[in-house]
Amino acid sequence: MKYFTNINCDVIRGPKILSLRLAPVFLALALAIMLPQALYAVDAENCLMCHRFRGLARVDKEGDYRLFYVDETLFSRGPHARVSCKGCHADIEKIPHDDAKQVDCLRSCHIEEPTREIIFTHAKVSETLEDSVHAPIEKDGTSRSFPEDFPGCKNCHDIPLFRPISLFKTVRPGVSEHAINRCLVCHSDEHFTRYYYSHVTTRLHKARDPREVIDMCSTCHADTALARRHKLPDVVSSYFETYHGKAVLLGSSLAPDCLDCHARQGSVHEMRSATDPRSSVHPDNRPATCSTADCHHSATPALASFDVHASRDMSTHTLEFGVGLFFVIMTLGILLPILTLNILGLIRELLPSHQAEREIERLVKLAEKKAALEGGILRFTGAQRIQHAFLVTVFLVLCLTGFPMKFPNAPWAPVVYDLFGGINGAPIVHRVAGVALLVGFALHIVLILLGVKRSLAQKDKLSLRAWVGAILALPMIPKWRDMKDLIAFTKYVFFLSPRRPNYGRFCWKEKLEYLGLFWGIPLLGVTGILLWAESISSHVFPGWVLNVVYLAHTYESLLAVAHITLVHIPGVLGRPGVSPLSSMVLNGKIAPRALAEEHGGEITDWSPAEEVKL
Amino acid sequence: MSHKASLSKKFLLLLHVGIVSTLLVGASTWLTLYLIGTLGDPFAGKGVQTPDPDVFNSVVALTEKKVARYLGEWEFLEPKLPGHFHHVGRWYQSDKWNFCINCHGQTPHSRSPQARAFLNMHNLFISCQVCHVREQKETEHTRFGWTDMTNGQLCSSPDMAKHPWGEYGAKIVPLKGSEESPQAVVLKEEEVFAEEFRKRMDELDDQQKVIGNKFIHRRCVETPVRCSNCHNSEEAFLPYKALGYSSERAAFLMSAEVVDLVARYETFHLPTLLKTDEPMEEGTGEKTK
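Just so you know, the sequences run in chain order A and B.
To convert, note that position 512 of the first sequence is 512 in the working numbering; the numbers rise steadily by one, no gaps.
To convert, note that position 188 of the second sequence is 802 in the working numbering; the numbers rise steadily by one, no gaps.
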């Protein structure tokens with residue numbers, strides 16, 4: 001026996017310390033797991049005399065790189081640790097030996113199976129595989145197309161490694177020292193005890209992390225050429241479009257991977273085609289698969305019509321394609337013209353017409369006089385500034401907790417996500433922020449309506465017609481003048497007219513943004529809630545509605561963020577002299593020049609008497 | 615406002631408009647491409663991989679391509695070797711100093727089917743010149759030291775117990791010069807020549823290539839040091855203890871267990887780096903008897 005003092009690999013993450021209070025326990029755990037680890041492998045033949053050298057390798061005449069190194073530390077951390085080298089490499093009879101034959105994983109060469117005192121073998125797996133979709137030969141003995149593409153043992157497996165968990169009061173990764181100590185009361189051999197503890201607890205949850213499982217399946221299923229040969233859809237990228245896949249990419253070890261749905265019961269080798277009635281993903285079996293106790297247990301069978309592998313291909317998923325196309329056209333149809341006008345507007349600022357320059361200078365003087373008289377020009381009230389600050393905060397939180405989920409493969413995604421507690425915290429923060437946004441939005445409407453009511457009450461006009469008229473007269477509601485302003489602005493930036501439009505209190509761009517909020521917030525809110533409460537949703541809608549809802553949520557969120565980052569922020573903070581922060585959001589006062597340039601119409605709307613006074 | 619101040623303001627405005635416009639154009643282009651890319655057959659955007667020969671897989675495996683293992687309480691990356699069942703953990707430290715590997719690679723021994731992996735294993739800690747180079751013909755190396763694999767500088771003997779087997783960050787190298795100021799035996803002229811040779815390979819004709827190849831290997835011996843020179847029960851070619859090996863390890867390397875192992879490879883490759891006059895047995899790389 002030899003103790004090994006290092007892991008010999010690039011460690012991404014060591015033991016995760018979850019609580020300072022438990023730090024000493026975890027430290028002991030870390031030392032126990034990561035540092036001195038006994039080699040259980042039975043190496044009576046002393047194979048490691050040579051095979052422990054990492055350089056034991058050659059390139060054979062076919063050009064294949066052959067490495068004969070065995071990492072003792074890693075080998076000792078898996079269920080094969082008690083199998084001798086000869087247990088698998090049975091053809092090796094002497095040392096030095098000739099080229100070893102390929103190992104037959106199905107041979108009866110392993111350790112004794114303790115419950116029945118028989119020699120252990122993987123032969124049973126072979127029987128299961130032969131009846132699976134991964135068998136190169138049909139049940140009637142005919143060969144399937146491209147039989148060489150079908151996986152053998154080593155295509156999916158390398159030596160398994162233990163993933164022990166502690167089940168003592170809570171579930172966390174690693175060995176429970178408390179449990180080990182109790183085992184040791186009867187089982188005095190600590191190596192034996194740790195080995196079996198790891199072995200058993202590894203079997204109490206998934207033997208492999210979902211990321212490893214998906215990597216394994218992707219080897220073939222993300223291979224475009226292989227998929228095309230076998231007429232398979234791109235199930236990998238469509239899976240990563242679901243919450244399941246995104247959660248896995250962001251570090252969830254509980255989110256379902258391929259095996260959770262496709263091999264729900266029994267051996268993972270029982271992988272069958274979705275058209276096979278015995279398959280767990282056969283349409284008849286999907287409701288049961290989705291509603292198992294660990295998953296969507298309160299969902300109705302209707303949830304099963306959710307297509308986990310929905311793409312946006314017109315030929316196979318027409319509905320999803322149509323919804324996607326709608327949002328793509330809407331997003332680009334809104335943003336590109338505005339962005340074009342904004343960029344042209346910036347260029348026009350470099351080359352303004354004399355008429356526009358004179359007009360602005362005239363308005364600036366008026367505004368400066370008013371500002372000097374009144375100690376500044378108030379544009380936004382305190383209540384409006386608070387609402388804006390609230391919206392900014394909630395929007396930022398939603399972006400930071402939502403966009404890592406939208407782009408989970410991006411290198412920044414897990415970093416940002418971890419700021420909000422990772423996969424176990426960020427989704428909760430996102431949902432809370434979403435609810436806060438909905439509540440804030442509702443309060444905003446209530447405040448507006450209360451203002452309208454107060455105004456109507458003063459005039460003693462509370463009829464429905466008066467209400468409608470008052471609402472339509474609100475400054476944020478688009479008017480015919482906005483269309484004329486838009487046309488005038490377009491002519492101005494294309495150098496077709498020297499007249500620069502003088503916008504009123506709110507310009508057409510601001511009104512468009514405001515209307516966007518009235519479209520976007522309810523849409524994102526409702527779709528978000530439906531996705532959040534997917535099981536409850538299934539009591540009202542069939543699962544395929546969630547496919548549409550997901551698309552609406554993801555596309556609309558991008559539209560919202562793109563509009564804010566490309567139109568709103570550059571339009572406000574991107575103007576010369578405003579960055580990094582407009583004082584308007586703090587004190588509500590607008591600079592005279594900004595007022596003249598952006599809302600000159602407000603100055604021209606001042607009463608003649610007021611203008612004379614100035 | 616002075617004319618100068620006005621120009622300065624115009625320039626700042628131009629800069630501002632230029633930067634903002636460029637950012638907006640870039641962002642809107644990305645957005646358009648991204649959104650259009652979200653529609654359609656996901657496989658359509660992916661090129662069909664060309665037939666992937668095993669050789670390429672092998673080469674790729676030796677690059678930085680790694681696979682992640684997630685074991686709950688710890689995670690690690692390891693090289694992805696196609697078809698390899700055992701875990702590798704990590705790749706071995708590459709030799710940044712030895713110029714021979716530029717052409718011969720890290721696993722240069724390939725002729726003897728039985729011994730080549732063993733010989734490559736020794737590459738981890740023995741430099742090529744120990745076995746294959748003589749500064750003066752007929753003059754064997756007698757003094758050896760360690761040289762740092764990162765810079766080629768002589769260094770003290772590594773503490774082998776603190777390193778993985780054979781991976782000491784240093785290699786054994788023959789020494790020359792006085793006892794007080796030893797120097798590593800290096801092929802400086804050949805190294806400079808080889809570097810130029812590799813750069814200008816395409817310009818050279820066949821004859822020049824042969825001559826260049828001969829020059830680079832001019833101090834390589836036809837009969838290198840053999841396994842049994844070090845692993846015998848009498849006197850080892852390498853002075854293990856002087857090189858820092860423990861007494862137990864030195865004894866083991868000359869023990870019956872190792873010596874017998876070496877001896878039983880009777881067909882051990884007799885390296886013939888430059889010999890081409892004897893025909894090879896087809897397929898094996900072995901010389902015909």
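I should point out that these hints are in silico values taken from the structure, not numbers from a laboratory.
Fair warning: this is a prediction, and the values are worked out from it, not measured in the lab.
Warning: the hint list may mix true and false statements.
Which chain A residues face chain B? A few, computed with CB under 8 Å, are given here [claimed, not checked]:
| # | residue |
| --- | --- |
| 1 | 218 |
| 2 | 325 |
| 3 | 364 |
| 4 | 368 |
Here are the computed lysine-lysine pairs in the PhoX-like style, where the Cα-Cα straight-line distance is at most 20 Å [said to hold, decoys possible]:
| # | chain 1 | residue 1 | chain 2 | residue 2 |
| --- | --- | --- | --- | --- |
| 5 | B | 813 | A | 154 |
| 6 | B | 618 | B | 710 |
| 7 | A | 154 | B | 710 |
| 8 | B | 751 | A | 154 |
| 9 | B | 855 | B | 710 |
| 10 | B | 680 | B | 694 |
| 11 | A | 124 | A | 139 |
| 12 | B | 751 | B | 802 |
Quick reminder that beta carbons are idealized off the backbone N, C-alpha and C, glycines included.
Exercise. Hint numbers the structure violates, sorted upward?
Worked result: Hints 1, 3, 4, 5, 6, 7, 8 and 9 contradicted; others consistent.
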